[in-house]
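Now for the letters of each chain:
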Amino acid sequence: MSRRRMHLAAHFPGVNNTTVWADPESRSQIEFSSFEHLARTAERGLFDFFFLAEGLRLREHKGRIHDLDVVGRPESITVLSALAGVTEHLGLAATVNTTFNEPFELARRFATLDHLSGGRAAWNVVTSSDAFTGENFRRGGFLDRADRYTRAAEFLEAARELWGSWTPDGVTRPFAHRGRHFDIAGEFTVPRPPQGNPVVIQAGDSDEGREFAASAADVVFARHSSLEEGRAFYADVKRRLAKYGRMPGDLKIMPGIGVVLGDTAAEAQEKAAEIRRQQTSPQTALLTLEQIWGVDLSSYDPDGPLPDIDPVVDPALTQGRTRRGDTVAIAEKWAALSREKGLSIRQTVIEAGGRQLLIGTPDAVATELDEFVQREAADGFVLVPHLTPGGLDEFVDDVVPRLQERGAFRTAYRGTTLRSHLGLPDPVRKG
Amino acid sequence: MLHLSAAVDQPSAYDAASYLTLVRLAERGGLDFVTLEDSFARPGPDALAVLARLAPATSRIGLVPTVTTTHTEPFHVQAAVATLDWVSRGRAGWRIDVSSTEGEARLFGRRQAAPPDALWQEAGEAADVAAMLWDSWEDDAEIRDVPTGRFIDRDKLHHVDFRGTSFSVKGPSIVPRPPQGHPVRVVDATDGAARGTAARYADVALVRAASAPQAAAVREQLRSMAADFGRHPDQLRVLAGLLVDLGDGEHAAEPGHGGGGPRQTPQGPLYRGGPVDLAELIATWHGEGIVDGFHLTPVEPLRDLERLVNGTVALLQHRGLFRTFYPGSSLREHLGLARPANQYATTGVRHEP
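Protein chains in written order, with this note's numbering: chain F, 1 to 431; chain Y, 1 to 353.
Honestly, the hints are just simulated from the structure, not real lab data.
In this text the structure is predicted, and so the values were computed from the model without any measurement.
Fair warning: there could be bad hints in the mix.
What the hints assert, rightly or not - Simulated coverage check for chain Y against chain F, where a stretch passes if three residues somewhere in it have a Cβ under 8 Å from a Cβ of chain F:
| id | stretch |
| --- | --- |
| 1 | 9-17 |
| 2 | 47-56 |
| 3 | 99-109 |
| 4 | 172-183 |
We put the CB at the ideal spot given by N, CA and C, even for glycine.
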């Protein structure tokens, strides 16, 4: 049996403290040249797609705009439309919320991107329900948490009806969709997209999220980091596909991952330690701790010991950020870690709070990535660089060739559409 | 200064290549900007995306898509327009329009069709909140101050707290202030319902008029209304909108079209004749101060745009009436409009281009 080949995607550095801005190599987070550099690098590395996250409200902490992290970003579909002009094969993925958009307009925007790029568009479907974000939109924050996925699922179903509404020879046909969330009818304005349906990505890890992915997505942007967690997640999500009449290969599982490379293992570890220090400034360390403890800790010394007060649950302290889960349990874990190793606040946050990184020589990293894929913990990876715009350069120069030598990654693009890169079947055409 | 612009609309075109041919042609002629219409009511791609796709393949010409305000989110619209300004490095405009039909309302299923006056009032609010959101980041908000660990100076980011008649927006924008400060806002002011919004918020007003006196009258009215809104009238460029059919050789073939001036048709005022007589008409109307320039819609897109650029524009350039190269790089510079001061600026420092 031939070796399983992996898929690779590149995430534009995020609006959070993973992205290092204090480094002398760090450039603009907003200028088109940064996007162009990363996209061209990803295409040079024969990546499947380039991925943009979404922001709809700037984060706030203690009632003020969060000022410690990189912030500000362009609107995704517009940037990807421009990138379609400077790339030829690379898939172009935008994260867009289903709560604060409407199917007709968004389906039209993705259909247009798919036409302009010759079949390279992808949509990372996300949901939101918080009133904080809703304050920027007509609808406000209205959606029950439980309704998020039902609206997302119906939204996607409506979008696919619109994408398929023209006849194959380019004649418009009326559509009508009537459901719990949408009651719409008329004619779509764009012919069937080159991919039939743009690729759909899903990123939620909850049970509902997994079910939604199994029923409707082409790619899962996963977050698990260990091989064993990965294998369990992979098996669970793939098992759910049969219920929807889908084959295991119809849904690709791609965890997000940060990579740090060095000529030796020791050098890579040193670089990783330095990156973690950059990601966790003294101010960021205190703020992270406040998010866990739920109280103002600004009088504490980041190089001193952890507070010996009990955490409180205050969901309003930080707004616009993914919840950290059970903060009380996390606080206990962190306090124990600090006691055990004698770590300061900043050291504790660095040790416990950082995103998992894959650290090593290019050979070691290539081997480990390949192992994840061969052992069915992933179908590929979404690389999350920590530097704009050069954060992908080393990986493409040093790791991609080693993956190719192992037969673990393509040596040329075979098709022109993102669906063809991902080996996804053409969508079944209804009617 | 004479300002010239052209529409690059084409029927049934969804690929980038055919639009690129037209926009490059217009750029070769040194035009201020191109427009691309957009409507949910008839077939066609998302115009802003098409022009974003062309931004890296062009370098000077202004890019002005229509983006409607009736069924869209003002927050998303301003972000998309600001982003077009970023990807084009300061060449974005926004032609504001409304969706007035019941058919368009059914595509969204959120609200009923409304009368034009109400729609244009809402469009004005969308234009207003867009400028507030563009200003919600001061130009120097990004500081990257390592000693204090701060990426931004949050005192230079502002909630806009906008409350309109049909929507409210908290802000700030997610997009930092675009290169032009405010991308250029364009309104077709031909219909009375749009005129107030044009006079109050537009940088460029389009007036479809078949005769010089008619165009002059609307321009005067717009300038006077702009003054009533506290604006300097010279902040508003008024361009005459004409359909142009240049298929009939060098000179006007039919009296009443070219040499005799445009003729009113169901599709709008139409100039039919040769490129030379069109140059004469443009030179005359502009020379007499009737309008600040023209927005020309080719009837046959490629043919008429070629004749417009190679014939009419070349002649105007030869006579020293139109630029032969772009001295500036932003659309505001082409239009001779200053980069606006930030309405929230706390520093008192103005950031001129």
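Discussion item. Of the numbered hints stated earlier in the document, which are not met by this structure?
Written reply: none
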